[in-house]
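Protein chains in written order, with the working numbering: chain P, 1 to 462; chain B, 1 to 462.
Hints in this document: simulated from the structure, not taken from any laboratory. For clarity, every value in this text was computed on a predicted model and none was experimentally measured. Treat the hints loosely; a few may be bogus.
Repeated chains share a single entry, so a pair holds when one copy, or any two copies, can fit it.
[Said to hold, decoys possible] Here are the simulated lysine-lysine pairs, DSSO-like style, with alpha carbons at most 30 Å apart:
#	residue 1	residue 2
1	Lys200	Lys75
2	Lys267	Lys7
3	Lys186	Lys233
4	Lys264	Lys190
5	Lys267	Lys4
6	Lys233	Lys77
7	Lys110	Lys317
8	Lys200	Lys190
9	Lys411	Lys111
10	Lys195	Lys290
11	Lys75	Lys398
12	Lys7	Lys421
13	Lys347	Lys421
14	Lys318	Lys195
15	Lys421	Lys75
16	Lys290	Lys233
Protein chains: 2
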Amino acid sequence: MKEKTIKHILTLEGNGQEVLVEGWIRTRRDSKEVSFIAVNDGSTMNSIQVVLDRTFPGYDDINPRLVNGASVSIKGKLVPSPGKEQSAEVSPFEINILGDAPAEEYPLQKKRHSFEFLREIAHLRPRTNTFGSVMRVRNAMSFAIHKYFNDNGFVYVHTPVITGSDCEGAGEMFHVTNFDLNNIPKTEGKIDFTKDFFGKEASLTVSGQLEAEIYALALKNVYTFGPTFRAEKSNTSRHLAEFWMIEPEMAFCDINGNMDTAEKFIKYILRYVLENCSDDMNFFNSMIEKGIIENLEHIAESKFERITYTDAINELKKSGKTFEYPVEWGIDMQSEHEKFLTQEIYKKPVIVTDYPKDIKAFYMKLNDDGKTVRAMDVLVPRLGEIIGGSERESDYNKLLGRIREMGLNEKDYWWYLELRKYGSAPHSGFGLGFERLIQFVTGMQNIRDVIPFPRCVDTLEF
Amino acid sequence: MKEKTIKHILTLEGNGQEVLVEGWIRTRRDSKEVSFIAVNDGSTMNSIQVVLDRTFPGYDDINPRLVNGASVSIKGKLVPSPGKEQSAEVSPFEINILGDAPAEEYPLQKKRHSFEFLREIAHLRPRTNTFGSVMRVRNAMSFAIHKYFNDNGFVYVHTPVITGSDCEGAGEMFHVTNFDLNNIPKTEGKIDFTKDFFGKEASLTVSGQLEAEIYALALKNVYTFGPTFRAEKSNTSRHLAEFWMIEPEMAFCDINGNMDTAEKFIKYILRYVLENCSDDMNFFNSMIEKGIIENLEHIAESKFERITYTDAINELKKSGKTFEYPVEWGIDMQSEHEKFLTQEIYKKPVIVTDYPKDIKAFYMKLNDDGKTVRAMDVLVPRLGEIIGGSERESDYNKLLGRIREMGLNEKDYWWYLELRKYGSAPHSGFGLGFERLIQFVTGMQNIRDVIPFPRCVDTLEF
Numbered sequence: 001m002k003e004k005t006i007k008h009i010l011t012l013e014g015n016g017q018e019v020l021v022e023g024w025i026r027t028r029r030d031s032k033e034v035s036f037i038a039v040n041d042g043s044t045m046n047s048i049q050v051v052l053d054r055t056f057p058g059y060d061d062i063n064p065r066l067v068n069g070a071s072v073s074i075k076g077k078l079v080p081s082p083g084k085e086q087s088a089e090v091s092p093f094e095i096n097i098l099g100d101a102p103a104e105e106y107p108l109q110k111k112r113h114s115f116e117f118l119r120e121i122a123h124l125r126p127r128t129n130t131f132g133s134v135m136r137v138r139n140a141m142s143f144a145i146h147k148y149f150n151d152n153g154f155v156y157v158h159t160p161v162i163t164g165s166d167c168e169g170a171g172e173m174f175h176v177t178n179f180d181l182n183n184i185p186k187t188e189g190k191i192d193f194t195k196d197f198f199g200k201e202a203s204l205t206v207s208g209q210l211e212a213e214i215y216a217l218a219l220k221n222v223y224t225f226g227p228t229f230r231a232e233k234s235n236t237s238r239h240l241a242e243f244w245m246i247e248p249e250m251a252f253c254d255i256n257g258n259m260d261t262a263e264k265f266i267k268y269i270l271r272y273v274l275e276n277c278s279d280d281m282n283f284f285n286s287m288i289e290k291g292i293i294e295n296l297e298h299i300a301e302s303k304f305e306r307i308t309y310t311d312a313i314n315e316l317k318k319s320g321k322t323f324e325y326p327v328e329w330g331i332d333m334q335s336e337h338e339k340f341l342t343q344e345i346y347k348k349p350v351i352v353t354d355y356p357k358d359i360k361a362f363y364m365k366l367n368d369d370g371k372t373v374r375a376m377d378v379l380v381p382r383l384g385e386i387i388g389g390s391e392r393e394s395d396y397n398k399l400l401g402r403i404r405e406m407g408l409n410e411k412d413y414w415w416y417l418e419l420r421k422y423g424s425a426p427h428s429g430f431g432l433g434f435e436r437l438i439q440f441v442t443g444m445q446n447i448r449d450v451i452p453f454p455r456c457v458d459t460l461e462f
Numbered sequence: 001m002k003e004k005t006i007k008h009i010l011t012l013e014g015n016g017q018e019v020l021v022e023g024w025i026r027t028r029r030d031s032k033e034v035s036f037i038a039v040n041d042g043s044t045m046n047s048i049q050v051v052l053d054r055t056f057p058g059y060d061d062i063n064p065r066l067v068n069g070a071s072v073s074i075k076g077k078l079v080p081s082p083g084k085e086q087s088a089e090v091s092p093f094e095i096n097i098l099g100d101a102p103a104e105e106y107p108l109q110k111k112r113h114s115f116e117f118l119r120e121i122a123h124l125r126p127r128t129n130t131f132g133s134v135m136r137v138r139n140a141m142s143f144a145i146h147k148y149f150n151d152n153g154f155v156y157v158h159t160p161v162i163t164g165s166d167c168e169g170a171g172e173m174f175h176v177t178n179f180d181l182n183n184i185p186k187t188e189g190k191i192d193f194t195k196d197f198f199g200k201e202a203s204l205t206v207s208g209q210l211e212a213e214i215y216a217l218a219l220k221n222v223y224t225f226g227p228t229f230r231a232e233k234s235n236t237s238r239h240l241a242e243f244w245m246i247e248p249e250m251a252f253c254d255i256n257g258n259m260d261t262a263e264k265f266i267k268y269i270l271r272y273v274l275e276n277c278s279d280d281m282n283f284f285n286s287m288i289e290k291g292i293i294e295n296l297e298h299i300a301e302s303k304f305e306r307i308t309y310t311d312a313i314n315e316l317k318k319s320g321k322t323f324e325y326p327v328e329w330g331i332d333m334q335s336e337h338e339k340f341l342t343q344e345i346y347k348k349p350v351i352v353t354d355y356p357k358d359i360k361a362f363y364m365k366l367n368d369d370g371k372t373v374r375a376m377d378v379l380v381p382r383l384g385e386i387i388g389g390s391e392r393e394s395d396y397n398k399l400l401g402r403i404r405e406m407g408l409n410e411k412d413y414w415w416y417l418e419l420r421k422y423g424s425a426p427h428s429g430f431g432l433g434f435e436r437l438i439q440f441v442t443g444m445q446n447i448r449d450v451i452p453f454p455r456c457v458d459t460l461e462f
């Protein structure tokens, strides 16, 4: 009986069997003869109801302490419930209060708190309905990701967090150092990184892709799923300095195989959550984003549209719609354009391919036209871009040409170039931000509310 | 036919069906009439044999390029093999060389390379037998970890990598900063961290435990599995500056439940690998550590011994064995003591509990004797300590007392203390280093050889 969670107990019938209920009190409602106590342990949205009779020995001492937030261990019998909300309830014979939660002090009152306030008490917010649901869905999505890749023969590669290259090319990076910051060693006026821990300048990674390519070109299908970092000083609801990213990489796979995987992957995750988190999803559907379940079901059943960037630009122009940012071949599409394509024109996810090379990274495979690259971005309703990927340049000379053309230092890329020198193969991959995917699935508006402890500009508590 | 890996093709019968073989050549052996080409794609240890007849159109051009390391795409028929090593082989009708690997340049020659040398070419080492096997086993173990916890109702919590507290108390930490290191802002001679990205001093985490406790005290059973960091300048075969750690945390769980979980967890992982990675494990068993399979099977079937620290010290003294570090109650046990207990005295895993409080962390639950804490370490043969854990102090006043006694700053622990103020509950957890577990399972001697890209003192390539 020790290992039963409330989730498990709620599946049992009220046939008089003994149960041990351990959890935190969510509500207590006193009537003339009994107190109704809802106990939750976070294993599920739902609480179990304990009905405490006023004749219970010591009732007058115990009952006032059975308040919101207190933790209890209750032994009792599971009996049929006359109430409509549950089929069984607990008739207790032993109640232990393990931890009080003084009502006048406890920051989580029964009233509804703003998400802003809850971020300030991130050590208590997982005890609320919303954050409990977010974290259970986050957990289910994490597992679904690992299961999808495992079932499909992908090897999980832990690419490093600390990196010596700033060649990943995605904006500002955090420094990592073991220097005494009051006394940084210099040689001829320049910082002497040979004296730092790693003997060279070190940063926090912005992507595991380049290292994942190493493993794809050895083990065929691999993926990363780990923390990545941006030292971008954007204090918005869409930015985190630390977030988790998923990056599959496949050898002997061109952009078409890449699109197939991206589409299958997204649909798998959505179906998994819909099937495995129905209580939490019903909560989001009614309290956070009306209609989100239907929306996700629709996406899981749609065939994703596939169009080229050039066609997408033409469609946007043809639409007659006036955008804040004018549409012209060569522009980096803005969120308004992406959303219009997926929400208004196609009304389902859209995969846009073959972007102008000038707005994409150096490692993407150049098309024969010399102007576009084999990029592919997946756009979804409500969010816009959710996946960015490409077929990678696998030709040594073309890659070297692109590195030089973009003014990058080819010495930094020695091993990346060597992958194209020794047993090169067509390969492709994509990346997606895990927190954005969670926002998409839950409807949560602020990215800080879908990660346990958000790290942002001026935000580093807990 | 596109998505088949060589692992899959090797399960098929040689009934003349067409297959597409994509991979890298491991060996080629020419006889008078045919060339035998072994192709591997990293999906398994094993290669598939392609038998190329000298009458094949263009043989003289193609065959010299079919060298170790070249990548190929071969279409052919799967036919019965007369050889003993495989039941089917490929008779090709189309061969495409996707990427050459010039024999005079390719760093991975057919001879056996030292692990030291292979670390220098970490972008190519996953193409070797040893590192392919290590990474497939690492992957299987990662999945087994997630599956164990998922099946047992644990929620995966991504605790943060960047932390604002140095209160985790486990040695030197790396600084994380966005400062221009040439020009660090100071106010009255002191570094002004309010001007840094997070507005305060930031470091890389050494443990997710304290944050995991937050989630355990909301969702009952949780775990972390992520990168952790030590800025310790130890250049040994046992140290990494960046490594992955697993930390489950359980509410309403005392040290006994903690030991039960630790034992079940270890056994589950071992059984999973033995069942799912037999080819790779056979390789380790014959090439890396003789008898390791039998050893792991024995552990998976043993009931772990449970003894107190005090009894363990007495057993060591009674043994009459002379240790480098003398045995006395109060010592922090060394590896030699741990190994003697598990290998010589009990000949199976041993869980040692109730260590002197002075050698353990502040957060461990104090026993009634006032001298020992409810710590538990799991010791295994060959390795010594593999898991360290404890029941946590759940009493506010006792915890505060310990924080003060150890000279820690209680302000740094405000939220950790509040967990004991609001709905506190008995809770327990443990931590284990993933790479050490992989070493234990594979027999690999150097920790740098069980992680894709090791980060150590003066080591930050790739």
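For each hint, the structure was consulted:
no. : hint             : in the structure
1   : Lys200 to Lys75  : neither (60 Å within a copy, 47 Å between copies)
2   : Lys267 to Lys7   : both (27 Å within a copy, 26 Å between copies)
3   : Lys186 to Lys233 : both (28 Å within a copy, 20 Å between copies)
4   : Lys264 to Lys190 : neither (51 Å within a copy, 54 Å between copies)
5   : Lys267 to Lys4   : between (32 Å within a copy, 21 Å between copies)
6   : Lys233 to Lys77  : neither (56 Å within a copy, 58 Å between copies)
7   : Lys110 to Lys317 : neither (52 Å within a copy, 58 Å between copies)
8   : Lys200 to Lys190 : both (13 Å within a copy, 26 Å between copies)
9   : Lys411 to Lys111 : between (59 Å within a copy, 28 Å between copies)
10  : Lys195 to Lys290 : neither (57 Å within a copy, 41 Å between copies)
11  : Lys75 to Lys398  : between (71 Å within a copy, 28 Å between copies)
12  : Lys7 to Lys421   : between (55 Å within a copy, 26 Å between copies)
13  : Lys347 to Lys421 : neither (44 Å within a copy, 51 Å between copies)
14  : Lys318 to Lys195 : neither (60 Å within a copy, 48 Å between copies)
15  : Lys421 to Lys75  : between (68 Å within a copy, 24 Å between copies)
16  : Lys290 to Lys233 : neither (32 Å within a copy, 54 Å between copies)
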